[in-house]
Amino acid sequence: MDFLNAIVALLNFVIIPASSYGAQLALGALGVTLIYGILRFSNFAHGDTMAFGTAMTILATWGLQALGVSIAPLPTALVALPFAIAATAALVLGTDRAIYRFYRKKKSAPIILVMASVGVMFVMNGITRFVIGVDEIQFDDGTRFIINARAFRTATGLDEGLALRSTQVITLVTAVLVVWVLFWFLNRTRTGKSMRAFSDNEDLALLSGINPERVVAVTWVIAAGLATVAGSLYGLDKSFKAFNYFQLLLPIFAAAIVGGLGNPLGAIAGGFVIAFSEVGVTYAWKKVLGYVLPEAWAPEGLVQLLSTEYKFAVSFAILIIVLLFKPTGLFRGKSV
Amino acid sequence: MSFLLAENMTGGYGAADILHGCTLRVEKGQIAVIVGPNGAGKSTAMKAVFGMLKLRGGHVALEGEDITVLSPQDRVAKGMAFVPQTSNVFPSMSVEENLEMGAFLRRDNIATTMQQVFDLFPILKDKRRQAAGELSGGQRQQVAVGRALMTEPKLLMLDEPTAGVSPIVMDELFDRIIEVARTGISILMVEQNARQALAIADMGYVLVQGANRYTDTGAALLADPDVRRTFLGG
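Residue numbers (numbering that gives the first Met the number 0), protein chains in the order written: chain A, 0 to 335; chain B, 0 to 233.
Hints are computed from structural coordinates only; laboratory data are not their basis.
Keep in mind that the hints are not guaranteed to be accurate.
As the list claims (entries may be wrong) - Taking lysine-lysine pairs in the DSS-like style, the calculated list, with each CA pair at most 25 angstroms apart, reads:
hint : chain 1 : residue 1 : chain 2 : residue 2
1    : A       : K104      : B       : K53
2    : A       : K286      : A       : K310
3    : A       : K310      : A       : K240
4    : A       : K105      : B       : K27
5    : B       : K153      : B       : K53
6    : B       : K53       : A       : K106
Stated by the list, open to error - With the C-beta cut set under 8 angstroms, the calculated list includes, among others, these residues of chain A facing chain B:
hint : residue
7    : I145
8    : R149
9    : T153
10   : N200
As the list claims (entries may be wrong) - With beta-carbon atoms standing in for the labels, derived distance ranges:
hint : chain 1 : residue 1 : chain 2 : residue 2 : range
11   : A       : A97       : B       : K53       : 25 to 35 angstroms
12   : A       : V172      : B       : K124      : 35 to 45 angstroms
13   : A       : T188      : B       : D65       : 34 to 44 angstroms
14   : A       : T188      : B       : T67       : 29 to 39 angstroms
Positions of the beta carbon are idealized from the N, C-alpha and C atoms, including for glycine.
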């Protein structure tokens, strides 16, 4: 019984939350890694692209709700996603036209593009706040729980409750679908292959007649799509706040770099590595250990390695360790 | 009229010219080889022919059509293909995908051409699912040449195709290049291994300081005592 309780507690407080958080980070990191692979710079505006995308999702959700559209028990936001992706894609394509293309034409050093993206980040953050405000917004109108903690306890007779929120399942299912479509696109379609070719060897891609501006535009649209989906899932799972996405930037970059910048598979792995480390290090293990260990060994303290305020330190620490010992990341990406 | 005529090419990367009135000519289905000491502008001449270098003077004509102002991509569409000396494959993509990317501009069925490339380089067929970056130097060169052939070019340009491969592989690559020329594709290549290259060349160009020093058939250059003494080591 104690062992079962331990497993349930572990699932409830570590595995389920870390999995859905990991999926959100993975989607974010995929966008970062794609931009890095094709445009060859770290896009600091990606976090705020997510914020903008989510804001668009919220606006579209409100619009759909006003029209009486509902796909209950699923959140209306899922229907709103395509509209939000279109709006976000338009914004990033406009940004590319107005800003990045100039530096690309000049063949500027990557660091200049990075700095430009920092500027874009501030502007995008401003636009997002201007459009939707700085307040916390809950836009999940679907069923809240698939498994309710109290119902689980009465049903199983265990001491520990297991809660499974519908947004967590939606996050995982959507992430799997999106990743599957992305990999199919990159590995099977002509345009997808030309993107990989461009990322592999830009000069040779040009010699093969691949149109760089088209590759860049497609990349931005995909990145906007990934950012909007990732941001909206994060917002559904927790709540939307315009400033939160800026803070997500660190774990997202950590995920992309841990996995190997420019490598999509690495971004996914990196997302989960970061999420599980963050949750694992900041979780108080007292309860789980109390169930598993003999009574005499039961810990007195919380067995929490770091308090939750320090969760970003985890991303930082992992980032530094990876850069010191395996600069190309776990999946052989480009070195930074 | 020559198939490719690059006349009086003058130009360089920056303010200083590297090419000084260099002239190259390739006839239909023939092999032309550029040799010369280090820094003679061999690769630069090749890049100039392909439009990767702005010319200050001279012009380039393909089948009598002036293509001096065309971009490299437009020249690919005109039937020219270029194999750079280094980073000439897509390392993370499979051999087959490398070939597909070579045929990116083509909208017709590429299966026949791919089969021809596999016939020419049988090892590539065995390794077609493997990433090009994992292949040996010689195999990688085969992928690079194969990628260029996928556009069904009329002129194939090779920048030191045998750089860094073993002598046995080098001989085999030269054999394959002769086979390609027999199918009617003209070949222009730069080579460090001057002796072997001139042996298979219909036409040879010895460049020195960006200008033609000797121009003759490959056999005649090999027999020329001056060329032998100065460039072929006796």
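Tested hints:
1. A/K104 to B/K53: Holds, because 17 angstroms separates the two Cα atoms, which is no more than 25 angstroms.
2. A/K286 to A/K310: 20 angstroms, holds
3. A/K310 to A/K240: 18 angstroms, holds
4. A/K105 to B/K27: At roughly 39 angstroms apart (the allowed maximum being 25 angstroms), B/K27 and A/K105 break the hint.
5. B/K153 to B/K53: Roughly 23 angstroms separates the two Cα atoms, so the pair holds.
6. B/K53 to A/K106: Roughly 17 angstroms between the alpha carbons, so the hint for B/K53 and A/K106 holds.
7. I145: Status violated, d = 40 angstroms.
8. R149: 51 angstroms, violated
9. T153: 53 angstroms, violated
10. N200: At about 5 angstroms, which falls below the 8 angstroms cut-off, the nearest Cβ of chain B leaves the hint on A/N200 intact, so it holds.
11. A/A97 to B/K53: 25 to 35 angstroms: Distance hint for A/A97, B/K53 holds at roughly 29 angstroms.
12. A/V172 to B/K124: 35 to 45 angstroms: Holds - the Cβ-Cβ distance for A/V172 and B/K124, about 40 angstroms, lies within 35 to 45 angstroms.
13. A/T188 to B/D65: 34 to 44 angstroms: With a Cβ separation near 37 angstroms, A/T188 and B/D65 satisfy 34 to 44 angstroms, so the hint holds.
14. A/T188 to B/T67: 29 to 39 angstroms: 36 angstroms, holds
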